[in-house]
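So the sequences go chain by chain: E and S.
Throughout, the numbering used here is defined as the position within the first sequence, counted from one, plus 12.
Throughout, the numbering used here is defined as the position within the second sequence, counted from one, plus 12.
Worth double-checking, as some hints may not be accurate.
The list cannot tell twin chains apart, which means a pair is met if one copy fits it or any two copies do.
[Stated by the list, open to error] As a list, the in silico PhoX-like pairs of lysine-lysine whose alpha-carbon atoms are at most 20 Å apart:
1. Lys43 to Lys16
2. Lys93 to Lys16
3. Lys97 to Lys38
4. Lys16 to Lys97
5. Lys41 to Lys16
6. Lys16 to Lys38
7. Lys93 to Lys38
8. Lys41 to Lys97
Bear in mind the hints are in silico, worked out from the structure with no lab data behind them.
2 protein chains.
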Amino acid sequence: MIDKFELLGLVAAFLTTSAYVPQVYKTWKTKSAGNISLTMYISMFVGIVLWLIYGIHLNSFAMIVANSITAILTLIIIGFKVRYK
Amino acid sequence: MIDKFELLGLVAAFLTTSAYVPQVYKTWKTKSAGNISLTMYISMFVGIVLWLIYGIHLNSFAMIVANSITAILTLIIIGFKVRYK
Chain E
13 MIDKFELLGL
23 VAAFLTTSAY
33 VPQVYKTWKT
43 KSAGNISLTM
53 YISMFVGIVL
63 WLIYGIHLNS
73 FAMIVANSIT
83 AILTLIIIGF
93 KVRYK
Chain S
13 MIDKFELLGL
23 VAAFLTTSAY
33 VPQVYKTWKT
43 KSAGNISLTM
53 YISMFVGIVL
63 WLIYGIHLNS
73 FAMIVANSIT
83 AILTLIIIGF
93 KVRYK
């Protein structure tokens, strides 16, 4: 049976990860990334990769899942920013 | 001596937390929150509070520091969004 705190972590993972999806969709749809701060997303991306390493160290499934997906989403947003300016 | 993974966690905390500061500053300066998605920030805020509880459970100082500050920053952005529309 999954530990209730791990379940809480997975709900947290879902909420903070899915929060990025509207931004990815909006940027893709409008093909414009004007008001996105590249520094913010690069800082976020590096931080998320470090959280991923930290989560692996703590053997926390929720942190590994959340930070792997969020890393990919932030990388997509950075890609859009570079491409669409 | 601070454990090297806890140090890594603190660097991750600094990067992902400080990433919100430009958004808080920009919204405060421009007094406009037009392109901020309220649903995204509410989902982010609830998720961060859950990560805070998860971090307390894991006794992870880095997660507690990061999520406490990020919760406050996202709450400020939500406040601005409600106030400035």
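Structure versus earlier hints - violations, ascending order: 1, 2, 4, 5, 6
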